[in-house]
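Trainee: Each chain, written out:
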Amino acid sequence: MNRITLHPGTPIRIAILAMGGQGGGVLADWIVEMAERAGWWAQTSSVPGVAQRTGATVYYLELLPESAAQAAGRSPVLAMMPTPGDVDLVVAAELMEAGRAMQRGLVTPDRTTLITSTHRSYAVAEKAAPGNGIADPNKVVDAGRAAAKRLLCFDLQQMAERAGSVISASLFGAIAGANALPFARTAFEQTIREGGVGVEASLRAFAFGFDAAAQAPADVAPIDTSRPPPQVPERAANPQAQALLDAVTRDFPAVAQPMLIAGLRRLIDFQDIAYAAEYLRTLGTLRELDERSGGANDWALTRAAARHVAVAMSYDDVIRVADLKTRGSRFARVRDEVGAKPDQLVYTTEFMHPRLEEICGALPAGLGRQLERSKAFSSFVRRHVEKGRRVRSGTLMGFLALYCAAGMRRFRRGTLRHQVETAHLRDWLARATRIAPADYALAVEVLECRRLIKGYSGTHDRGDRRFTHLMDAADQLLGRADAAATLHRLREAALADEEGQALDAQLAGLLRGPFTPLEETRRPGYAAA
Amino acid sequence: MAERSFKKEVGQLRIPAGEEFRGEGILAVTKALLQSGVGYVAGYQGSPISHLMDVLADAKDILDELGVHFEASASEATAAATLAASVMYPIRGAVTWKSTVGTNVASDALANLASGGVIGGTLVIIGEDYGEGSSIMQERSHAFAMKSQMWLLDPRPNLESIVQAVEDGFELSEASNTPVMLQMRIRSCHVHGRFITRENRRPAFTLAEALEHPKRDVGRIVLPPASFTHEHEKVRERWPAAVKFIRERKLNEFFDGDFSDIGLILQGGLYNGVIRALQLLGLADSFGNTRIPLYVMNVTYPVIDAEVLEFCETRRAVLLIEEGQPDFIEQNLHAILRRAGCATALAGKDVLPMAGEYTTEVMRDGIQAFLAAHAPHALAPAPTAVASPPQPAAVPLRFHPKIAALATVVPARPAGFCTGCPERPIFAAMKLVEADLGEHHISCDIGCHLFSILPPFNLGATTMGYGLGAASSAAFNVKGGRRSISVMGDGGFWHNGLTSGIGNAVFNKYDGVIVIVDNFYASATGGQDVLSSRADNPNRATNNPIEAAVRGVGVKWLRVIDRTYDVARLRDALEEALTTPEPGPKVIIAQSECMLNRQRRVKPLFNSAVKAGERVVKERFGVDADVCSGDHACIRLSGCPSLTLKDSGDPLKEDPVAHVDSSCVGCGNCGEVADAAVLCPSFYRADIIHNPTRRDRLLARVRGAAIGFLQRRRAARLARCAL
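Chains W and L are the protein sequences, given in the same order.
Quick note: the first sequence uses full-length UniProt numbering, first residue 1, plus one each step.
Quick note: the second sequence uses full-length UniProt numbering, first residue 1, plus one each step.
Note that these hints are calculated values from the structure, not bench results.
Predicted model only: the values in this text are computed from it and were never measured.
One or more hints might be untrue.
Computed cross-link-like contacts, DSSO-like style, restricted to lysine-lysine with a CA-CA straight-line distance of at most 27 Å [unchecked claim]: (1) L:K250 - L:K234; (2) L:K7 - L:K611; (3) L:K603 - L:K60; (4) W:K341 - L:K402; (5) L:K349 - L:K147; (6) L:K646 - L:K618; (7) W:K139 - L:K402; (8) L:K479 - L:K556; (9) L:K147 - L:K244; (10) L:K603 - L:K618; (11) L:K244 - L:K234; (12) L:K646 - L:K431; (13) L:K646 - W:K139; (14) L:K234 - L:K215; (15) L:K7 - L:K603; (16) W:K149 - L:K147; (17) W:K341 - L:K603; (18) L:K479 - L:K509; (19) L:K60 - L:K8; (20) L:K431 - L:K479; (21) W:K139 - W:K149; (22) L:K611 - W:K341; (23) L:K244 - L:K431; (24) W:K387 - L:K618; (25) W:K387 - L:K431; (26) L:K147 - L:K7; (27) W:K341 - L:K509.
Throw the hints in and build the complete structure from the sequences for me.
Mentor: This is the structure we're talking about:
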């Protein structure tokens, strides 16, 4: 009964997943031009819509040899959108877009080559988290191994930047290098040449992409997200520093040493060797506590303290900020970051906003406290001083102002801020010390909670408040079997959103009875402990 | 004209007859208009038909040569009313817009036009923004065709068919004295394909001739008794004329197949997807040869009863593939079959979903279900499987545990403000105001500024239509603790916001706050000029300030912020507007140039200045990683794509720190926000002086010597005690 003859000829199906502004359209157009020049039918379509403004979008292409159309005697009828399980080549211009392609079912083990750049362009949700909201890239790589017939992952964005070009060029190179389409390298390169825009840079990026794909290993290695610990140096040039180094290697377990070195470095940089020695003494006490409390296996308490005590002791005050902003190394780094050429001049403008708290904090403790209480002074400051100040740190006046502020470090230990920070530190460590013998894990969590305190002004205040809540929670939790795990969850919740809604919800849910604000639960004695 | 140039595309409009055109669908439509001897074209830009407008806006020379008048209309209503030129004169006219939103706006004029009818062919090219990638409510333009009785073309999505539909559309319109709608789906607009061109034609009758020989006929005007006559005319004369033309010219297509006792009826626009779906079932090839017979409705309204019956009467069962709801065509087919007493089973939305886009996958499943019920033998492997391309697995891989786990990492990635967008600081200021004065009811509008509803801003409660931001706050004109805020863009303002929003607010003594975002272009639709644009446009009158218009309709409380990046000033203006005892609408005009367009304009100038050796300064922002503590408060007030994260490089800082990447355009928002919100001192602005003068270099040497000395001194001290 067959009157209709079905003809052979199956188009190559290609999906390109990109974000608006990445040049996914350019890449699609290049493939079309190359295919048409080689005598193929090529169709592309897309739904850019508002996705042109950084949203995720898909370009879909189909290619069919002209000879097949001639044999069939009819123009091909090509699909306008990808069908799950029916795509030969998926190109993702960013790692999570490769993930999206797999979620859409476009990648299939029996036929799909998946080429993705491993670089990340973080989504707003990832960036906005107060802690670390960055998604685990290896979940995508893992899924790619399972889903694709062939998986190719490299940082094609970095290759493009190295070549002074854009990612569409290095992606085009990777397609060629992977042998994913039946066209020779010269056909690819010719297409770029005929485009006529930024040809040399595009060809360089193309070559990087090509080589990476041509030499790609069959097994894709996971993306390294580890943070290497600092090396413990053999020697220090300064004899006092050497003494500290000796104390670290002699008195502390090896697992804690790298972080202690980082801490010592930070505090020498922040104040001086004597201050760093003070840090090491505090840590020595905590190490003993750790041992007494049965933590000598992995020294979790010492390690946590090594990090967080160093951060707490090197609080960000005016002196610190002015110091960091005026360093020669910083001037060089800015030049590097903005990509200035040797014959160009670079001047930086700093955005400062001194508040009453900062001004009083930088004064001797007694005076600072007095002025902070003075209505006349605070209203004067609010009216005349508290406003955005632009400091041009590359001009003599601007630089000297900051340099002098940085020079105040010799008076730092006498400032109000130092007094406040020291009291805070003492209070916090006293709590950990008190808890450790009863619940070691909870004490470690108490130390880890210090991570919440960061930022400046309002952000800092919010972090501080949340930290205080958690400290109170720790007290209430003490004695419960799941105390440490609960506090850990609370800490995660506190880092989840700025308004602290997640934390409030968890606090209400996890603690017995309604959560009581801190003033009422603070008992005398803690601060003095 | 917009800052983007469409020179290459304009060149394609000049391809001589008989040659092959290769390019985008919507550009093919533009070429087809010229081939059809169109006399005038108007429209309102919007995805997916912006390209048509943009190309014609840049094609003045060729339009002048052909004697074609082109207008960028004030709104879709204006565009539709422009078609009035074809009511009394034999001039072909075409208008275009994004549908269904544009059709909503135009429907008053369209209804009047359709009632009186036309002499010259009129074509309404509607960009049907439906399905993936759409930015509007999901509705069908089909309803408008039905209610006003205009014919609706939905051609097969290949350039040849689309171009043919344009030419047929004009003729159909003339043959039936009825406006014709040509529906272009998103993917059809953007599809790259080819067709053989014909010669561009000058209009047979020109607008100038019409002006010189004016004609009127009260019978064509929608006034009693003519309006009653029109309704009868539509049914007695125009409809039969259209049916006759459609049948004679074979606008709808029949494709034969092996299984002659069943068949598929489909909208033309779905054709390619249906063929692929059949192919996935082993029932078609890549060239449109199908084993199941097809009736392709390139005209989806009116439905041609005779053709339907012809197709159905020899078959046991047919499946109608009709995208979108309500199922207008399906209801129509049921009526036709029943009236004719035809026993053929009609399947449709019973095997296909009622709502949502008909992707290939959806149609394959629907067709499979239909065949399983009515012709299971068709699903058996073909005896002579000549061409059976590899079939996708029955169960897509989406359910694999590792892929399902991606849901926890792959982030949603909606569109957002561009790098350096001048609208970002407006909403940052609004966030700061909310921190001070509490949350307010905010009415949004259509335009880029609508991205403020998304994270990190999360502002805005409703959006009722283009230019209707202020209007949608109208009810909140009551005494209360807090005023409402509404936002509209310059595009929306000129589209209708001036009257529907501002004028209405003045007249009704509205007490709330209206923010007008003036970024010099209709940015969301591709950066077209509007009345208040600052560009010198030889073909249009620009530089008409919004401020003058607002004052003109009687607004008394008005603040113009001429630099939106001044977050503190904007915050103060907003706070004042929300708290002032002054009655009447409080209008704030926030002005800064759209950064996308600004970069297009400024970048080439900057580069050529650098090349010419001129002293130029480029600004960029950065973050000192050692000062940044990684709390990301700045990001929560910005969301700028160039403000991102990187590893702190400091073993003591676990959390990533903020980082400004190389795409920064130096708009200044980061610094201003950090300042206004008193965030932190990590931000810096770097001024990079290209081609410094001798004075610059001298000054730099002096500064460098003094600063360098102090820096080395301090560095040496640090190095002495380094560990």
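Trainee: Now tell me if each hint is right for this structure.
Mentor: The hints, checked one at a time:
1. A hinted pair counts as satisfied when its Cα atoms are at most 27 Å apart, and L:K250 with L:K234 qualifies at roughly 22 Å.
2. A hinted pair counts as satisfied when its Cα atoms are at most 27 Å apart, and L:K7 with L:K611 qualifies at roughly 25 Å.
3. Restraint check for L:K603 and L:K60: satisfied, since their Cα atoms lie roughly 26 Å apart, inside the 27 Å limit.
4. At most 27 Å may separate the alpha-carbon atoms for a hinted pair to count; W:K341 and L:K402 exceed this at roughly 46 Å.
5. In summary, the hint linking L:K349 to L:K147 is supported, as the alpha carbons are separated by about 22 Å, within the 27 Å threshold.
6. Between the alpha carbons of L:K646 and L:K618 the distance comes to roughly 24 Å, so the proposed pair stays at or under 27 Å and holds.
7. A threshold of 27 Å between alpha carbons decides the hint, and for W:K139 with L:K402 the separation of about 8 Å falls inside it, so the pair holds.
8. Taking the CA atoms of L:K479 and L:K556, the gap is near 20 Å; set against the 27 Å cutoff, the hint holds.
9. Distance hint between L:K147 and L:K244 is fulfilled; the C-alpha atoms sit about 21 Å from each other, no more than 27 Å.
10. About 11 Å separates the Cα atoms of L:K603 and L:K618, which keeps this hinted pair within 27 Å; it holds.
11. A hinted pair counts as satisfied when its Cα atoms are at most 27 Å apart, and L:K244 with L:K234 qualifies at roughly 14 Å.
12. Of the supplied pair hints, the one linking L:K646 and L:K431 holds, its CA atoms being roughly 26 Å apart against a limit of 27 Å.
13. At roughly 19 Å between alpha-carbon atoms, L:K646 and W:K139 fall within 27 Å of each other, so this suggested pair holds.
14. Our distance criterion of 27 Å between C-alpha atoms is met by L:K234 and L:K215, whose separation comes to about 22 Å.
15. Simply put, L:K7 and L:K603 have alpha-carbon atoms about 19 Å apart, close enough for the 27 Å limit, and the pair holds.
16. Restraint check: the Cα-Cα separation between W:K149 and L:K147 comes to about 52 Å, which exceeds 27 Å; the hinted pair is violated.
17. Our distance criterion of 27 Å between C-alpha atoms is met by W:K341 and L:K603, whose separation comes to about 18 Å.
18. For the proposed pair L:K479 and L:K509, the alpha carbon gap of about 12 Å is at most 27 Å, so the pair holds.
19. This hinted pair checks out: L:K60 and L:K8 have alpha carbons roughly 14 Å apart, not beyond 27 Å.
20. Our distance criterion of 27 Å between C-alpha atoms is met by L:K431 and L:K479, whose separation comes to about 23 Å.
21. Note on W:K139 and W:K149: the hinted pairing holds, with a Cα-Cα distance of about 17 Å set against a maximum of 27 Å.
22. For the proposed pair L:K611 and W:K341, the alpha carbon gap of about 14 Å is at most 27 Å, so the pair holds.
23. In summary, the hint linking L:K244 to L:K431 is not supported, as the alpha carbons are separated by about 62 Å, beyond the 27 Å threshold.
24. At roughly 26 Å between alpha-carbon atoms, W:K387 and L:K618 fall within 27 Å of each other, so this suggested pair holds.
25. Between W:K387 and L:K431 the alpha-carbon distance is near 19 Å, which keeps this suggested pair within the 27 Å criterion.
26. A distance of roughly 40 Å separates the Cα atoms of L:K147 and L:K7; the hinted pair therefore is violated under the 27 Å criterion.
27. Distance check on the hinted pair: W:K341 and L:K509 sit about 59 Å apart at the alpha-carbon level, beyond 27 Å; violated.
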